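Protein chains in written order, with numbering that gives the first Met the number 0: chain A, 0 to 239; chain B, 0 to 165; chain C, 0 to 556.
Each hint should be verified, as a subset may be incorrect.
To be verified - What follows is a list of derived Cβ distance ranges for each label pair:
hint	chain 1	residue 1	chain 2	residue 2	range
1	A	GLU13	C	GLU405	34 to 42 Å
2	C	ASP415	B	LYS156	55 to 63 Å
3	B	ARG6	A	THR124	55 to 63 Å
4	C	ASP485	A	THR10	29 to 37 Å
5	A	ARG62	C	HIS481	28 to 36 Å
Stated by the list, open to error - Derived DSSO-like pairs (lysine-lysine); straight-line CA-CA distance at most 27 Å:
hint	chain 1	residue 1	chain 2	residue 2
6	B	LYS101	C	LYS476
7	C	LYS296	B	LYS53
8	C	LYS296	B	LYS25
9	B	LYS156	A	LYS186
To be verified - Covered by chain B, according to a simulated footprint, are these stretches of chain C (three or more residues, beta-carbon under 8 Å):
hint	region
10	22–34
11	63–74
12	358–369
Honestly, the hints are just simulated from the structure, not real lab data.
This structure is a prediction, so every number in the text was calculated from the model and none was measured.
For each residue, glycine too, the CB sits at the ideal point set by N, CA and C.
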Amino acid sequence: MSAEANIRTLTIDEVDVSARADQTILEAAREHNIEIPTLCHLEGLSEVGACRLCLVQVKGARRLLPACVTRVEEGMEVTTHSPRIDRYRTMVLELFFAERNHVCSVCVANGNCELQTLALRLGMTHVEMPYQYPQLPVDASHPRFTVDHNRCVLCTRCVRVCGEIEGANTWGVMGRGAQSLVITDLKEPWGESETCTSCGKCVQVCPTGALFEKSRAGMRAQKHPEFLPYLRIMREGEQQ
Amino acid sequence: MSLYAERPPLPSDDKRWRIVNGTMRKHGYSRNALIETLHTVQSSFGYLDEPSIKFVAKSLRVPLSQAYGVVTFYHFFSLKPPGKHTCTVCLGTACYIKGSDKLVVETEKLLSIKAGQTTADGEVSFTTARCVGACGRAPVVLLDGELSGQVGVAELKAQLERWVRQ
Amino acid sequence: MNAEELQQLAAEARDERPQFDYEVNVCMGTGCLSQHSDRVKNALEKEAEISGRKCHVRRTGCMGLCAAGPMVLVEPAETRYGHVHEGDAQEIVASLGGDPVARLDPQLRGYFEGQKHVVLENSGHIDPEKIEEYIARDGYEALVKAVTEMSPGQVIEQIMKSGLRGRGGGGYPTGLKWDTVAKVKGAQKYVICNGDEGDPGAFMDRSVLESDPQRVIEGMAIAAYAIGAAKGYIYVRAEYPLAVQRLTVALQQARRRGLLGSGICETTFNFDIDIRLGAGAFVCGEETALIASIEGKRGTPRPRPPYPAVSGLWGAPTLINNVETFANVAPILRHGGEWFSSMGTARSKGTKVFALTGKIQRTGLVEVPMGMTLRQIIFGIGGGVPDGRKFKAVQTGGPSGGCLPEEHLDLSISYDALISAGSMMGSGGMIVMDDTSCMVSVARFFMEFCMTESCGKCVPCRAGTVQMYELLTRITKGVATHRDLDRLTDLCEVVGATSLCGLGQTAPNPVLSTLRYFRHEYLAHIDEKRCPAGVCEIGTGHPADSAEVTVAGEVHV
């Protein structure tokens with residue numbers, strides 16, 4: 000197949016762009032500096048299409064489509080922002096905030112949180128829905144890391160990085176619906192996990208303050224995401 | 000030492016483990032057989048405890064977190080041993096319209112437990128079901144697995160009282 | 000087995016019949032068994048022996064009218080008895096050849112008139128654990144014909160011509176689905192039968208599997224031939240033990256007769272089927288979740304495309320159809336696609352099985368041609384609402400469907416008509432409600448269902464159903480405001496538009512349809528603090544009841 004046959008041209012927000020046939024709308028958009036909000040997506044990890052924040056309108060499609068898993072097609076007309084889409088995104092974000100205990104002012108990740116950043120960017124200043132406050136456990140049994148389920152958004156980045164990159168498969172998801180919880184092994188204390196390698200990748204990919212490094216009380220938990228760009232390289236290396 | 004972990008030994012001498020092993024063997028110890036094997040464990044032992052989940056997970060080389068994720072995803076699997084008797088009230092739409100919610104309230108009151116729990120003396124487990132497909136006979140209750148249709152509150156109470164009094 | 004052998008077997012099985020003057024069929028489906036129809040059968044057998052009459056007592060599957068169980072059908076007179084007890088056996092045997100036992104005929108006739116049985120043609124007539132009886136009623140004729148005389152393309156052509164659409168809920172054209180999977184290249188392909196009948200209030204799939212399992216196996220084998228698959232799975236709910244047992248027996252018998260296995264009908268066509276048990280998760284009715292479950296994983300759906308037709312089980316092209324869809328396949332091939340498309344409406348062909356339940360005189364399964372009106376089914380076949388109460392609504396489509404009021408009773412049933420009325424066909428549950436049902440409570444009931452059955456993967460469904468459930472609870476408690484109602488409407492829109500799979504996308508439907516047709520009931524709860532049906536307990540005087548739930552503090556970001 001010639002190189003040209005692999006190239007698709009489409010419009011995103013009325014801008015003409017070109018992309019490789021195997022690229023997603025999200026990849027094409029980001030290459031052209033068109034911002035689409037995401038939360039569960041992380042370059043280098045498999046896509047799950049679960050956070051629904053990257054939904055875009057594709058002309059001719061019956062429903063909104065997740066940009067992170069939808070491949071580009073020739074002549075596609077994509078709209079990433081409209082009053083309707085923005086309203087949906089704000090409400091989906093509100094659902095995230097109201098689901099557990101996301102109070103930024105008392106969070107270790109304040110100022111360092113993707114959920115918070117998204118709220119700022121989408122102009123979501125307050126949550127109208129009643130908070131659920133489910134009173135979930137905090138597991139500090141690991142010598143270096145802590146998991147606070149009250150701040151988890153169930154994006155499963157930790158599960159994916161642990162299985163797909165580290166290969167430890169320590170993290171998993173248990174239960175279902177609103178009772179879902181990320182777990183280590185058989186829901187055992189993290190510190191007692193027989194599979195965890197303490198590599199800390201899960202902590203770095205966590206978008207919120209659910210997974211954080213232990214530090215002195217009152218300190219803001221700093222993340223060290225320097226290795227993130229390598230995730231993708233590692234995966235692509237695998238495929239070659 | 001082999002590079003790959005050997006299959007774990009049977010958790011005990013209990014003959015039922017051989018049935019469990021049989022299911023796994025039938026599926027060539029493939030990871031896909033996880034749910035089938037868990038079904039066998041539950042039907043043999045009545046529930047799934049941690050050692051049994053670990054045994055199955057290690058035999059099939061499924062990560063522990065994934066095995067636990069599967070067990071807790073499907074409501075058919077139980078992590079606690081069932082009571083001597085079981086009472087399951089169907090909460091399908093047809094049963095609901097015919098008043099099975101009242102059966103639930105009365106049962107919870109009589110046994111002093113919530114749905115999904117077992118009485119402290121281990122006599123009766125009470126659960127609810129999402130439609131057992133006998134809607135023609137709504138409201139439906141399963142007593143020790145036996146299906147009874149068009150169950151009234153008085154009738155159910157009488158049966159539960161017989162169990163409790165024993 | 001080849002065509003001649005099949006014909007010979009059919010002839011042999013038919014020849015057995017004249018030995019008997021009478022056949023007494025006893026329903027041994029889940030419904031009638033729970034009313035001890037096994038004892039009735041034993042009693043009938045004993046009486047038949049004592050009387051010395053040439054009478055064959057047969058175990059059969061469901062006869063449809065579960066509320067009147069145990070049911071007995073006497074042939075050739077086609078007399079149906081309901082509520083039969085052991086003590087009635089002698090009288091029934093004595094009446095053979097004469098007048099029916101009037102005492103035992105609870106006017107069942109009205110129930111069966113107007114029905115048209117295609118899927119249920121053998122239900123109640125054959126022993127589900129005897130493949131010979133299925134073959135005697137033209138069973139496997141279609142498979143043998145397809146494999147020996149037709150090309151896969153010709154099979155698909157007939158299914159396309161028939162206009163058959165998926166009976167599991169979505170109504171996707173079956174022929175088109177088959178054609179797509181057939182065209183995808185792949186060394187290994189799979190056929191999956193979706194028997195995860197999760198819709199509460201629907202039980203036709205259980206009934207078909209219990210009464211006529213060979214029909215489903217034959218349908219799957221024909222599909223496998225058409226698309227080029229060698230392996231199939233039937234995914235059945237673990238809550239249906241009798242269906243699983245009968246399927247297991249049926250599969251063994253089909254294998255023994257060479258109708259499954261390698262070299263079917265002395266051709267190169269190989270096909271076999273395994274059973275996979277569900278484990279209590281409604282979401283596994285969604286095809287990508289079902290595939291994950293067969294692979295031994297958590298039953299969570301994934302975004303489509305790629306569709307299972309391209310990348311399904313273990314990444315291979317996979318055809319998934321529902322039990323009732325497969326049950327239609329053999330008759331279509333036997334009589335031709337045109338025959339099937341001559342029944343029904345312009346865009347919904349053939350017949351549909353409905354589970355008629357709730358506040359209705361005669362509960363059970365009915366199979367009618369598409370296009371019949373709701374009124375004909377509910378009042379004609381079902382006999383209307385009992386106890387002199389007033390009809391209020393009929394719920395179709397399970398948790399994805401809606402409640403239709405009296406003014407829609409003359410709607411003629413088709414996929415499209417139901418959707419435009421705000422409900423859907425679903426798998427065919429039809430639950431009748433009278434004026435003692437509160438429609439807000441019904442909406443809340445379904446929301447509770449969706450909330451607990453949500454897999455938890457995507458946030459609109461996981462968290463949105465919780466929020467909607469709480470708003471509906473506030474309304475039923477009489478503490479909601481108009482702002483709550485607006486918020487509920489907004490959430491319906493967002494959850495429907497943004498959820499990942501069908502469960503979340505359709506979860507708002509019961510709320511939307513009751514808001515559309517029974518808005519006055521919502522308003523009565525909100526404005527007058529009153530439940531028109533008298534179901535909700537409002538106004539206990541407890542101050543907490545009327546207190547506005549505090550809106551969460553502003554989130555400073």
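Going through the hints against the structure:
1. Roughly 49 Å separates the CB atoms of A/GLU13 and C/GLU405, a value that falls outside the hinted 34 to 42 Å.
2. Take C/ASP415 and B/LYS156: their Cβ atoms lie about 47 Å apart, and the range 55 to 63 Å is violated.
3. For B/ARG6 and A/THR124, the Cβ-Cβ distance of about 57 Å falls inside the hinted range of 55 to 63 Å, so the restraint holds.
4. Between C/ASP485 and A/THR10, the C-beta spacing of about 36 Å keeps the proposed range 29 to 37 Å intact.
5. Checked against the given bound of 28 to 36 Å, the beta carbons of A/ARG62 and C/HIS481, roughly 30 Å apart, stay inside it.
6. Pair hint B/LYS101 plus C/LYS476 holds up; C-alpha atoms about 17 Å apart against a cutoff of 27 Å.
7. Taken as a hint, the C/LYS296 and B/LYS53 pair is honoured in the structure, with Cα atoms around 16 Å apart against an allowance of 27 Å.
8. Note on C/LYS296 and B/LYS25: the hinted pairing holds, with a Cα-Cα distance of about 18 Å set against a maximum of 27 Å.
9. Between B/LYS156 and A/LYS186 the alpha-carbon distance is near 38 Å, which puts this suggested pair outside the 27 Å criterion.
10. Check result for the region 22–34 of chain C against chain B: holds, 5 residues qualifying (beta carbon to beta carbon below 8 Å, three or more required).
11. Check on the region 63–74 of chain C: 4 of its residues sit with their Cβ under 8 Å from a Cβ of chain B, so the three-residue criterion for coverage holds.
12. For the region 358–369 of chain C, the proposed coverage by chain B is satisfied: 4 residues have a C-beta within less than 8 Å of a C-beta in that chain, meeting the threshold of three.
Comparing the model with each numbered hint stated earlier shows that hints 1, 2 and 9 do not hold.
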